[in-house]
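Between the sequences and the hints, there should be enough to build the whole structure, so can you do that?
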Amino acid sequence: MAIALESAFIEQLRRQEDVAFTTIYERHRTQIYNYLYRLSGSRELADDLTHDTFLSAYESLPKLRPDSNISPWLYRIASNRFRDHLRRKKLIAWLPWGDTPREDAMLATRGEEDSLPEKEAVQVALKAMKPEYALTLVLRLVEGFSSEETGVILGLSPEAVRMRLSRARQMFKVAYAVGGDIDE
Amino acid sequence: MMSACNRDILSAFVDAELTLPQRRDVERHVQSCAPCAAEVEDLRRINSILAAWGATARPFPPVTDARVASSIDRRRGRRAVAALSRLTPAAFGSAVAALVVAFSVNSSALTHRSSSSATGSSLAGARQISDSLHRIRSQSAILGVQVESQATLFSPRRLALLDVQ
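Sequence order for the protein chains is A and B.
Heads up: the first sequence is residues 195 to 378, going by our numbering.
Heads up: the second sequence is residues 68 to 232, going by our numbering.
The set of hints was computed from the structure by calculation and includes no laboratory data.
For glycine and all other residues, C-beta sits at the position ideal for the given N, C-alpha and C.
Worth double-checking, as some hints may not be accurate.
Unchecked claim - Examples of chain A residues lying across from chain B (beta carbon under 7 Å, computed):
1. Y227
2. L249
3. S250
4. Y252
5. S254
6. W267
7. R356
8. S360
Here's what the structure looks like:
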């Protein structure tokens, strides 16, 4: 019964029906926005990339496979839009937590002295890593996807995800220890 | 048995991605290997750091809702124009004539959607549209344009594209 309902829902999506698309949009928009915010470190960029992600998703609906899992499918599109952004900019826009250093400094004086530098250090370390490794780390350890799901999102086998995650942890460990100042 | 200190295996161990026998091998190994024990601690600490970093979720900005809705509406509009542009000149003329006549002669048939919560209402609306088509063909004959069959010109898909369903 659940499979039949899921199958009917996918069919509605493939026909680009408003109600079905609105359902997945409302269910996943906050997750996708926060994922893109974590990757980019910028509210404006996360807003733009979220918009681009759902527009791409809408246009891709007719090609949606009947056995598709919506969440990894959307994360795959979001990851591709982030990669597109990196290609366009030719640099990684990992910015400190918060949109500007000034904002961070102001927040830090309001009693978050311990937590804010920690968050900033994570962002700086991720910025220092190769994007594909940072994506793996965030999808697997922050967004909570399994190796299989991360593989679907990044177009890798589960075994390749495990290998990449192991190396990503090593990169992160070095970058985090030295404040992001590592050779790629 | 774990043959050597292997970071990939330790990473899989921390992620609980090993089989039970493999897991027991690693547990035995780290009890007697200080560097591997330290590495496991480091890997677990990285997991904790990233989990804490990702625990804060920002609220979704409402302005994005409007941007997404607006962009999708524009895409739909472009597709409607593209669909019209693919019509032959005669069919395009008939489509325009049909729209003008449909709006002016029988607007009630085209507004049935708002009151068609029941199947009976939808069928009544469909009948009204069918009646309108007869009138449209008559008007089109006077205008000298050829009207496509109801199935092609006024298919639900095309009506949806024209947003007059």
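Going down the list of hints, with the structure as the test:
no.	hint	verdict
1	Y227	holds, 5 Å
2	L249	holds, 5 Å
3	S250	violated, 10 Å
4	Y252	holds, 5 Å
5	S254	violated, 12 Å
6	W267	violated, 17 Å
7	R356	holds, 6 Å
8	S360	holds, 4 Å
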